[in-house]
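Peer 1: Listed here are the chains, written in short residue letters.
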Amino acid sequence: MALCGIKPGIPVILRELEPSSAFFKHGQSLRVIGKLESFEIETGIVVISDGGFKLKIDMQHLRDFNFRTGSLYQFIGELKFGHDNDAMLEARIGRNVDGLDLNLYKQSLQIRRKIEANLLSRKRS
Amino acid sequence: MESPAISHAKLLASDLLSLTMHPTSPPSFSFPRSNYPISHVEALGIIVATKSNPAHLLFLIDDGTGCVPCVLWLNPRSPPDPADPAPEVVRQQAELVKMGELVRVRGKVGVFRGEVQIVLRDLVVETDPNMETLHWLDCVRLLKDCYDKENC
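Chains as they are written, first to last, in the numbering used here: chain V, 12 to 136; chain Y, 353 to 504.
Misleading hints may appear alongside valid ones.
[As the list claims (entries may be wrong)] Lysine to aspartate or glutamate pairs mimicking DMTMM-like chemistry, simulated, CA-CA at most 25 Å apart: (1) Y/Lys403 with V/Asp75; (2) Y/Lys403 with V/Glu89; (3) V/Lys91 with V/Glu101; (4) V/Lys91 with V/Glu29; (5) V/Lys125 with Y/Glu394; (6) Y/Lys450 with Y/Glu394; (7) V/Lys65 with V/Asp95; (8) V/Lys18 with Y/Asp433; (9) V/Lys46 with Y/Glu453; (10) Y/Lys496 with Y/Glu453; (11) V/Lys117 with Y/Asp490; (12) V/Lys46 with Y/Asp500; (13) V/Lys18 with Y/Asp497; (14) Y/Lys450 with V/Glu29; (15) V/Lys125 with Y/Asp433; (16) Y/Lys450 with V/Glu89; (17) Y/Lys450 with V/Asp75; (18) V/Lys91 with V/Asp69; (19) V/Lys117 with Y/Glu394; (20) V/Lys125 with Y/Glu440; (21) V/Lys46 with V/Glu27; (22) V/Lys46 with Y/Glu478; (23) V/Lys18 with V/Glu101; (24) V/Lys46 with Y/Glu394; (25) V/Lys117 with Y/Glu453; (26) V/Lys117 with V/Glu29; (27) V/Lys18 with Y/Glu394; (28) Y/Lys496 with V/Glu29; (29) V/Lys18 with Y/Asp490; (30) Y/Lys450 with V/Asp69; (31) V/Lys117 with Y/Glu478; (32) V/Lys67 with Y/Glu453; (33) V/Lys67 with V/Glu101; (34) Y/Lys450 with Y/Asp497; (35) V/Lys91 with V/Glu53.
[Said to hold, decoys possible] Anything over 12 Å on all C-beta distances counts as not near chain Y; from chain V, calculated: (36) Leu28; (37) Ile52; (38) Asp69; (39) Ile126.
Hints are computed from structural coordinates only; laboratory data are not their basis. What you are looking at is a predicted structure, and each value in this text was computed from that prediction instead of being measured. Using N, Cα and C, we set each Cβ at its ideal position, and we do this for glycine too.
Next comes chain Y alone, as it looks inside the complex (with noise of 0.2 Å):
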């Protein structure tokens, strides 16, 4: 069974921008209340902004409770992620960042110049609008049995 420390948590927008980040090498995150260990998140939004430079992707994804910053490296890092997607699917998922889109994004928390962001994984265009809504009671959900709960 996968560690609570890897598997993507579920989250609206204000509560991932709100995760604690720990002092650690690398910098590990949680939520305030309960200490429970957030490194990879789900997060399901609009596409409100984007901005490219050779380098990476940037967009913005709002959820109606806060806009979250994704980025999506577009050449390989080094040394390599194994983790990371492989060059053809970072070409493919780029041509899916389009603003208005609703997608959904998985990818490690990370923080830019103090700000968290979404490293991202994995991206998928949502043509269901009532994933979006599934996707909110999937949230509170977990936050409330699990991942704010105290003494977790």
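Bound conformation, chain V alone (with noise of 0.2 Å):
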């Protein structure tokens, strides 16, 4: 099929991305949330924070997407890294999120990533 190739954008929370996780990687395939900080409209990056942690997200690959200042947004793309080691998400899809409780959200991520986890481990075994 055609459409293989695309990988699945892994949930994290942006006090996650930090250089000692995981999921810090270039290329890495991830989705993300946070309340839209601010945006350029020249380069085309906005700058979305979630509990005082920051993530830049480049829009060049979105075409007719509306952007609030202060809404939660939901973006899906690639981690890259610039030239200053700065970590961007190169963003392929991108959805407004207002309503979403996102508290409900990340403990509902927690338990998910447990339960995966530990069928993981079963299936090893």
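Got two chains here, each in a separate frame; can you build the complex from them with the hints?
Peer 2: Structure below.
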């Protein structure tokens, strides 16, 4: 199928994107959520934040994307590192998720990861 | 009460894509450890890729654990399957398939070139982003308590 090769965007919380994290790799496909803090029309870069942590999002591949400062957005894309080793997500999907219960989302993500890890260790044993 | 073989199992993409296929005719599917039979599934995720031709619409839904291929047949099949949606319903569903939409899909598990896919029977756009979180919780609960339970 021609649509093969597209990797799933692994959901991460912004505070998890630190150099020691397994997710902090060039080209890693991720799904991130954050409040839109600012955007630069010239460069197509937006900044999202969550819990004091920020991430730049490169929007050049998104067409007809309407965004509003202060709204909650979710992006799927690949992590890239700039010349100054600054991490940025090159988004291929973006959507407004205003109304999302972020606490429930984060807790559910942890539950899901725990169950998946348990199942994986059972499969390997 | 609907038997497990024809109810729609709620699955995460990674679990759907790991189903064991049995070489029966037609092929049947189950979880590797429990042999729980799965023929129809329900998945929920974001549309991340689409491709269409006159015969069918293909798209991938990403729920963060994997990307599930879904196929919507645009023309009535021969011989016709009474469970297939009506042509006008198919047209309406095809219009809903857009990049970035959060969709809930239901359908029959199939295989194409060795790859598991969902042959679409029903598609709904979820406008409430919390539905995805609730779907995750449903999936892990059902997997733990039923689908992947040994001796199920």
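Peer 1: Which numbered conditions among the earlier hints are violated in the structure presented, ordered from lowest to highest?
Peer 2: 8, 10, 12, 13, 14, 15, 20, 24, 28, 34, 39
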